[in-house]
Amino acid sequence: MRFRLKPKETSFYELFATAADNVLSGSKLLMELLGADAATRVEIGERMRAAEHAGDDVTHAIFHELNSSFVTPFDREDIYRLASLLDDIMDFMEEAVDLVVLYEIDELPKGVESQIEVLGRAAELTAAAMPRLRDMRDLNEYWIEVNRLENQADQVHRKLLAQLFNGGFEAIEVMKLKQIVDVLEEAADAFESVANTVETIVVKES
Amino acid sequence: MRFRLKPKETSFYELFATAADNVLSGSKLLMELLGADAATRVEIGERMRAAEHAGDDVTHAIFHELNSSFVTPFDREDIYRLASLLDDIMDFMEEAVDLVVLYEIDELPKGVESQIEVLGRAAELTAAAMPRLRDMRDLNEYWIEVNRLENQADQVHRKLLAQLFNGGFEAIEVMKLKQIVDVLEEAADAFESVANTVETIVVKES
Amino acid sequence: MRFRLKPKETSFYELFATAADNVLSGSKLLMELLGADAATRVEIGERMRAAEHAGDDVTHAIFHELNSSFVTPFDREDIYRLASLLDDIMDFMEEAVDLVVLYEIDELPKGVESQIEVLGRAAELTAAAMPRLRDMRDLNEYWIEVNRLENQADQVHRKLLAQLFNGGFEAIEVMKLKQIVDVLEEAADAFESVANTVETIVVKES
Chain V
0 MRFRLKPKET SFYELFATAA DNVLSGSKLL MELLGADAAT RVEIGERMRA
50 AEHAGDDVTH AIFHELNSSF VTPFDREDIY RLASLLDDIM DFMEEAVDLV
100 VLYEIDELPK GVESQIEVLG RAAELTAAAM PRLRDMRDLN EYWIEVNRLE
150 NQADQVHRKL LAQLFNGGFE AIEVMKLKQI VDVLEEAADA FESVANTVET
200 IVVKES
Chain Y
0 MRFRLKPKET SFYELFATAA DNVLSGSKLL MELLGADAAT RVEIGERMRA
50 AEHAGDDVTH AIFHELNSSF VTPFDREDIY RLASLLDDIM DFMEEAVDLV
100 VLYEIDELPK GVESQIEVLG RAAELTAAAM PRLRDMRDLN EYWIEVNRLE
150 NQADQVHRKL LAQLFNGGFE AIEVMKLKQI VDVLEEAADA FESVANTVET
200 IVVKES
Chain U
0 MRFRLKPKET SFYELFATAA DNVLSGSKLL MELLGADAAT RVEIGERMRA
50 AEHAGDDVTH AIFHELNSSF VTPFDREDIY RLASLLDDIM DFMEEAVDLV
100 VLYEIDELPK GVESQIEVLG RAAELTAAAM PRLRDMRDLN EYWIEVNRLE
150 NQADQVHRKL LAQLFNGGFE AIEVMKLKQI VDVLEEAADA FESVANTVET
200 IVVKES
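Protein chains in written order, with numbering that gives the first Met the number 0: chain V, 0 to 205; chain Y, 0 to 205; chain U, 0 to 205.
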């Protein structure tokens, strides 16, 4: 029987996996939003809010575990950052859906679909990476790919802004849409920060 | 005579209480702003700037104490975060008043009053909580209530945005007002972060 | 021969000096942007992107060094913060140039020149201060002056916003210009945060 020096490890890994799975569910709701009619959007908004609340509970559980644990599997600050960032992603995705409903957006510009696809891909990679934190295996490709995706998201975002500003839209409409595409870009940034935090954890342990 | 293991404790508690009292003064100036005429607004702006400078001095005193103390009453990172967040709140409130003056806003939308009331309530709770950090008593209700207030602020904020965007305002006016209601929402978020930091401190000590 | 207790010190100092030199180059490219025609702007944008990539490499080298070093010349969190902030400044400056090109801005408002001059001065002071981290000499004036510059930048920024909003510009044009002047203000804020971090490091060592 292997002596377990870090008895609290297990729950941290499980909690991070749960948080990332939840983010993945959120990204799928974003995808459903595209092409949904007004009534369906409201219903997606409710499911998104439920997912965000579930995320809050996981974040709270991680913080509680962190604050009451004497020994942690990796640096406390990295655990704190990882949990906060996964929580931020859920918040940004929930905000995006809520704004689409609240502002009664008729049609999302084409580029938003690309933004949401990139987020979906980043969410899949993140959900697949979290369980590998336990043995720190095969995480290299994950963070390289998420960094590449963020660069792609950045390009899409800037092109979208140029489109909004030079596309003959009405000013108020531009403001509404800009707020939505900006919050989706913030979600993409947060995925990259998650990946960078994972890299930090791995480098410290190696 | 009781042996004092942590001789620097006292001043940290006093400094945090002073910082929170200062934030409370700021929130009262925000309240005065509602319904004030142009000349009075300018004068409120000057008092707010003075309050913000007083806040800067307290923040600086906390950082100096933190950097030159060998022993601190709770984790250095938590002291740093708490001081920075209280400082942020003052900055946001000062910015809000300054923007109202600078943009020569005629009338603030109704919802801004609700935002400012929520900030006032959060400021009272925070000022009452800081002195209790010393013996860590009765802080539970404080952070639960501030979290509830932040959710309320969030609802008010989103409704305000929808109002601005769908209310037949002129685009430039929407931009000005949006900047003001956004900075008030940032203040509400920062109150919640203060409460979460206090929770972190209490959980670690328990 | 002096015994060297902290063998890894040298590279950190050198890396920070390199990062700050790179920021200084970026601020000079910003200056070139003023008055440049459309074709030259595109070319400046390419050089800015190259400078930002060079900055990314330095940041990555600092993080790698930090995560793999057992002993560091000053607190890990301060090294992390300093490197992140210098990286942020490059990102903000690159974004500003990119937006000017992307939005096909005809003429930048007069105040932008003042913003860029302040950034240039802050960059010079920062590049001159970084090599002095090694012996912690003469850093007082640096951070006092950068704090003063940030206050100046803040005044310029708020006046610019009032000008944009009350200057009879078209709403879409205001949005474009606001995004650019806001990102330049974020760069000025980040210079102040760098200076505050340097102050923290010095106070801890003294």
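It should be emphasised that the hints constitute simulated quantities derived from the structure, not laboratory data. It is possible that some hints are incorrect.
Heads up, the list lumps identical chains together, so a pair's fine if it works in one copy or across two of them.
Below are the EDC-like pairs computed for lysine to aspartate or glutamate, each with C-alpha atoms no more than 20 angstroms apart in a straight line [to be verified]: (1) LYS158 to GLU45; (2) LYS27 to ASP55; (3) LYS203 to ASP77; (4) LYS27 to GLU112; (5) LYS177 to ASP134; (6) LYS158 to ASP137; (7) LYS203 to GLU185; (8) LYS203 to ASP74; (9) LYS177 to ASP97; (10) LYS109 to GLU185; (11) LYS158 to ASP90; (12) LYS27 to ASP97; (13) LYS27 to GLU106.
Every value quoted in this text rests on a predicted model; they were computed, and no experiment measured them.
Verification of the hints:
1. With identical chains, the CA atoms of LYS158 and GLU45 are at most 20 angstroms apart between copies only, with a shortest distance of 17 angstroms across copies and 31 angstroms within one.
2. For the identical chains of this complex, LYS27 and ASP55 are intra-copy neighbours only, at 18 angstroms inside a copy versus 32 angstroms across copies, given an alpha-carbon limit of 20 angstroms.
3. Taking the closest pair of Cα atoms, LYS203 and ASP77 come within 20 angstroms of each other both inside a single copy (11 angstroms) and across two copies (17 angstroms).
4. In the homo-oligomer, the alpha carbons of LYS27 and GLU112 lie at most 20 angstroms apart inside one protomer (12 angstroms), although the nearest pairing across protomers, at 38 angstroms, exceeds that limit.
5. Taking identical chains as interchangeable, the C-alpha atoms of LYS177 and ASP134 are never at most 20 angstroms apart, the minima being 41 angstroms within one chain and 47 angstroms between chains.
6. For the identical chains of this complex, LYS158 and ASP137 are neighbours neither inside a copy (33 angstroms) nor across copies (45 angstroms), given an alpha-carbon limit of 20 angstroms.
7. Proximity of LYS203 and GLU185 under a CA criterion of 20 angstroms is satisfied in neither setting, with 27 angstroms inside one chain copy and 31 angstroms between copies.
8. Both within a single protomer and between protomers do LYS203 and ASP74 lie at most 20 angstroms apart by alpha-carbon distance, with minima of 9 angstroms and 16 angstroms respectively.
9. Proximity of LYS177 to ASP97 under the C-alpha cut-off of 20 angstroms is found in both arrangements, the shortest distances being 14 angstroms within a copy and 17 angstroms between copies.
10. When the C-alpha separation of LYS109 and GLU185 is checked against a cutoff of 20 angstroms, the pair qualifies only within one copy, where the shortest distance is 19 angstroms, while the shortest distance between copies is 30 angstroms.
11. Taking identical chains as interchangeable, the C-alpha atoms of LYS158 and ASP90 lie at most 20 angstroms apart only when they sit on different chains, with a minimum of 17 angstroms there against 24 angstroms within one chain.
12. With identical chains, the CA atoms of LYS27 and ASP97 are at most 20 angstroms apart within one copy only, with a shortest distance of 15 angstroms there and 32 angstroms across copies.
13. For the homomeric pair LYS27 and GLU106, the shortest alpha-carbon distance inside one copy (19 angstroms) is at most 20 angstroms, but the shortest distance between copies (42 angstroms) is not.
The structure fails hints 5, 6, 7 (numbered hints given earlier, in ascending order).
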